[in-house]
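Model the placement of chain B on the given structure of chain A, informed by the hints.
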Amino acid sequence: MSGFGLKFKKGDLWAVLFVMALIAVLFLLFAARGKGGCAVVTLEGQEIARLPLSRDTEFSVSGKYHAVIAVEKGEAFVKDSDCPHGDCVKSGKISKNGQSVVCLPGRMTVTVEGDGVDAVIG
Amino acid sequence: MSRVKKIALSGVLTALALALSYFERFIPLGLIIPLPGVKLGLANIVTVAALYFFGPLPALAVAALRCALGSFFGGGVSSLLFSASGALLSWAAMSAVSRAKTFSVYGICLFGAAFHNIGQTAAAVLVLGPAVIYYLPYLLAVSLFTGTVTGLISSGVLSRVKRL
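Here the protein sequences line up with chains A and B, keeping their order.
No gaps in the numbering here: position 33 of the first sequence is 33 in our numbering, and each next residue is one more.
No gaps in the numbering here: position 23 of the second sequence is 23 in our numbering, and each next residue is one more.
Extracted from the complex, chain A is given alone in its bound form:
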């Protein structure tokens, strides 16, 4: 028996504080980011496309599942996906540096990066 207590202690608040501090530090680290230049699409960890946010476009990804990534009005989002839960579609639109949409079952990410090359590679 390692015999830790089973009733809530004041000391447990340190655990809450620890996690909150971690969240705050991470948010501060990630906050220093401006509007991004392009949406980088990766599949299975490999970059497959760079979509400039300045131009409206659509891009189809055929991995384990089929997904459509769209850029509209300077924002990128997953428009459609046939992955099981559709979390990537529900994640919404991104436009700031470092923001991303992840499709876990489809092994796909869309990340906004700084001034990108104005070309579509794919």
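These aren't lab readings, by the way, just hints derived from the structure by calculation.
Treat the hints with caution; some may be incorrect.
Claimed, not checked - One side of the interface only, derived from the structure: several residues of chain B facing chain A at Cβ under 8 angstroms:
| # | residue |
| --- | --- |
| 1 | S98 |
| 2 | G107 |
| 3 | A131 |
| 4 | Y135 |
| 5 | S143 |
| 6 | S155 |
| 7 | S159 |
Said to hold, decoys possible - Within a straight-line C-alpha distance of at most 20 angstroms, the following computed SDA-like cross-link-like pairs (lysine to any residue) qualify:
| # | chain 1 | residue 1 | chain 2 | residue 2 |
| --- | --- | --- | --- | --- |
| 8 | A | K79 | A | P52 |
| 9 | A | K7 | B | K101 |
| 10 | B | K39 | A | C83 |
| 11 | A | K64 | B | S71 |
| 12 | A | K9 | B | S95 |
| 13 | B | K162 | A | G5 |
| 14 | A | K7 | B | T148 |
| 15 | A | K93 | A | D80 |
| 16 | A | K90 | B | K39 |
| 17 | A | K7 | B | L158 |
| 18 | B | K6 | B | V161 |
| 19 | A | K96 | B | P130 |
| 20 | A | K96 | A | E113 |
| 21 | B | K39 | B | L20 |
| 22 | A | K9 | B | K101 |
| 23 | A | K93 | A | E75 |
| 24 | A | K96 | B | P137 |
| 25 | B | K39 | B | E24 |
| 26 | A | K9 | B | L152 |
| 27 | A | K93 | A | L43 |
| 28 | A | K64 | A | D82 |
| 29 | A | K64 | A | A49 |
| 30 | B | K39 | B | T148 |
| 31 | B | K39 | A | I23 |
Predicted model, so just to flag it, every value in this text is computed and none were measured.
The C-beta atom is built at its ideal place from N, Cα and C for all residues, glycine as well.
Chain B in isolation, oriented as in the chain A frame:
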């Protein structure tokens, strides 16, 4: 307690953990919190129980076997990477803080939930690329909630079971 009884009971706990991780799939937490990989972490309650009754090493065995068997029965290699990295880091954190008299089972569960998410995010960074790390603060915020829930359940269950 005899060695044989300890091994047998660890096996029973592993089976319970497997059942809970399967049952958990039917709780649609993802509908309320639309983040990939969000779950309650009910199986972690069993790791906490093993830690409470038997100590760190049997708890590690229960957690590791749960991940291995879970991926064997359904899930596959990729799910093993995610669940194992989360479960191992969670076990390490919980074992470490369980020695400190500062924390009760609630604090231990909070650390367990937070480090489970850190471990999973680390695995996701390896598989999906560095972009995934931006999810970590959101997942940690969710872990405050899930850690409290598993803490509540662990506290209730362990104080009623008393001994194995």
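The hints, checked one at a time:
The restraint placing B/S98 at the interface with chain A holds, with a minimum CB-CB distance near 5 angstroms, inside the 8 angstroms limit. The closest approach between the C-beta of B/G107 and any C-beta of chain A is roughly 4 angstroms, which is under the 8 angstroms cut-off, so the hint is satisfied. Taken as an interface hint, B/A131 checks out: its beta carbon lies about 4 angstroms from the nearest beta carbon of chain A, inside 8 angstroms. Contact between B/Y135 and chain A, as hinted, is supported at the beta carbon level, the nearest pair being about 7 angstroms apart and thus within 8 angstroms.
Look at B/S143: its Cβ gets to within about 7 angstroms of chain A, closer than 8 angstroms, so that hint holds up. Because the closest C-beta pair between B/S155 and chain A is about 5 angstroms apart, less than 8 angstroms, the hint holds. Using the Cβ-Cβ criterion of 8 angstroms, the hint placing B/S159 at the interface with chain A is satisfied: the shortest such distance is roughly 5 angstroms. About 16 angstroms separates the Cα atoms of A/K79 and A/P52, which keeps this hinted pair within 20 angstroms; it holds.
Restraint check for A/K7 and B/K101: satisfied, since their Cα atoms lie roughly 12 angstroms apart, inside the 20 angstroms limit. Between the alpha carbons of B/K39 and A/C83 the distance comes to roughly 18 angstroms, so the proposed pair stays at or under 20 angstroms and holds. Proximity of A/K64 to B/S71 is assessed by CA-CA distance (about 19 angstroms); at most 20 angstroms being required, the pair is judged to hold. The hinted pair formed by A/K9 and B/S95 meets the criterion: a straight-line CA distance of about 18 angstroms does not exceed 20 angstroms.
Distance check on the hinted pair: B/K162 and A/G5 sit about 12 angstroms apart at the alpha-carbon level, within 20 angstroms; holds. Taking the CA atoms of A/K7 and B/T148, the gap is near 12 angstroms; set against the 20 angstroms cutoff, the hint holds. This hinted pair checks out: A/K93 and A/D80 have alpha carbons roughly 13 angstroms apart, not beyond 20 angstroms. For the suggested pair A/K90 and B/K39, the alpha carbons sit about 17 angstroms apart, so the restraint of at most 20 angstroms is met.
For the suggested pair A/K7 and B/L158, the alpha carbons sit about 10 angstroms apart, so the restraint of at most 20 angstroms is met. Restraint check for B/K6 and B/V161: satisfied, since their Cα atoms lie roughly 16 angstroms apart, inside the 20 angstroms limit. Between A/K96 and B/P130, the direct Cα distance comes to roughly 16 angstroms. Compliance with the 20 angstroms bound is thereby established for this hinted pair. Restraint check for A/K96 and A/E113: the C-alpha separation of about 8 angstroms stays at or below 20 angstroms, so the hint holds.
Of the pairs offered as hints, the one joining B/K39 and B/L20 holds, with about 12 angstroms between alpha carbons and a cut-off of 20 angstroms not exceeded. A C-alpha spacing of about 10 angstroms is found between A/K9 and B/K101, which places the hinted pair at or below 20 angstroms, so the restraint holds. Between the alpha carbons of A/K93 and A/E75 the distance comes to roughly 6 angstroms, so the proposed pair stays at or under 20 angstroms and holds. Of the supplied pair hints, the one linking A/K96 and B/P137 holds, its CA atoms being roughly 17 angstroms apart against a limit of 20 angstroms.
As the CA atoms of B/K39 and B/E24 are separated by approximately 7 angstroms, the hinted pair is consistent with the 20 angstroms bound. A hinted pair counts as satisfied when its Cα atoms are at most 20 angstroms apart, and A/K9 with B/L152 qualifies at roughly 13 angstroms. About 19 angstroms separates the Cα atoms of A/K93 and A/L43, which keeps this hinted pair within 20 angstroms; it holds. Between the alpha carbons of A/K64 and A/D82 the distance comes to roughly 10 angstroms, so the proposed pair stays at or under 20 angstroms and holds.
Our distance criterion of 20 angstroms between C-alpha atoms is met by A/K64 and A/A49, whose separation comes to about 17 angstroms. With a C-alpha separation of about 13 angstroms, the suggested pairing of B/K39 with B/T148 holds against the 20 angstroms cut-off. With a C-alpha separation of about 18 angstroms, the suggested pair B/K39 and A/I23 falls inside the 20 angstroms cut-off, and the hint holds.
When held up to the earlier numbered hints, the structure conflicts with none and fits them all.
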